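Novice: Sequence:
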Amino acid sequence: MRALIFILLLLSGLSAAHAKDLSTRLGLGYSNQFGLDQDLPSLAVRYYPNGDYGLMAALGVDTEENNSRFGVQMKILKLIFKEDNLNFYTGAGAGLLSREENNENDSGFDLSGFVGAEFFLPGL
Numbered sequence: 002m003r004a005l006i007f008i009l010l011l012l013s014g015l016s017a018a019h020a021k022d023l024s025t026r027l028g029l030g031y032s033n034q035f036g037l038d039q040d041l042p043s044l045a046v047r048y049y050p051n052g053d054y055g056l057m058a059a060l061g062v063d064t065e066e067n068n069s070r071f072g073v074q075m076k077i078l079k080l081i082f083k084e085d086n087l088n089f090y091t092g093a094g095a096g097l098l099s100r101e102e103n104n105e106n107d108s109g110f111d112l113s114g115f116v117g118a119e120f121f122l123p124g125l
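First residue of the sequence shown: 2, per this note's numbering; consecutive thereafter.
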């Protein structure tokens, strides 16, 4: 009898997962992921053209006198595990960075590989 109850409880917990469908969704938010020694807050846009891949672009500008910075970055995301309100992803990105310190300009590239997670508040 205990084995039957255990099996019924085990099977009742198994149900089909209903992952968050992000295809054709556009998101706008905040990012701070540039590879500088100082923070460079940026405006980020994410778009998921299908249910498996996403694209992200970020633009950061700081106009502080004698310490200005600029960055633009593009990323591609691959969803690797989907839950109802949580997605895990991996990806790669590339960007251009420029900064001015004491009237000297310095520019470079930012290449990155990453893993991450996105949580969605239910009901929104």
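There's no promise every hint is true.
Now the in silico label distances, taken between C-beta atoms and shown as ranges [what the hints assert, rightly or not]:
1) Thr64 <-> Leu87: 33 to 39 angstroms
2) Pro123 <-> Met75: 27 to 33 angstroms
3) Arg26 <-> Ser99: 30 to 36 angstroms
4) Leu29 <-> Arg3: 19 to 25 angstroms
5) Asp111 <-> Thr25: 25 to 31 angstroms
6) Arg26 <-> Val116: 17 to 23 angstroms
7) Tyr31 <-> Thr91: 18 to 24 angstroms
8) Tyr31 <-> Asn51: 21 to 27 angstroms
FYI, nobody ran anything at the bench for these hints, they're computed from the structure.
It should be emphasised that the depicted structure is a prediction, and the values quoted were computed from it without experimental measurement.
Glycine included, each C-beta is placed from N, C-alpha and C at the ideal position.
Novice: Work down the list of hints and note, for each, if the structure agrees.
Specialist: Structure-based check of each hint:
no., hint, result
1, Thr64 <-> Leu87: 33 to 39 angstroms, "37 angstroms, holds"
2, Pro123 <-> Met75: 27 to 33 angstroms, "31 angstroms, holds"
3, Arg26 <-> Ser99: 30 to 36 angstroms, "31 angstroms, holds"
4, Leu29 <-> Arg3: 19 to 25 angstroms, "53 angstroms, violated"
5, Asp111 <-> Thr25: 25 to 31 angstroms, "28 angstroms, holds"
6, Arg26 <-> Val116: 17 to 23 angstroms, "21 angstroms, holds"
7, Tyr31 <-> Thr91: 18 to 24 angstroms, "21 angstroms, holds"
8, Tyr31 <-> Asn51: 21 to 27 angstroms, "25 angstroms, holds"
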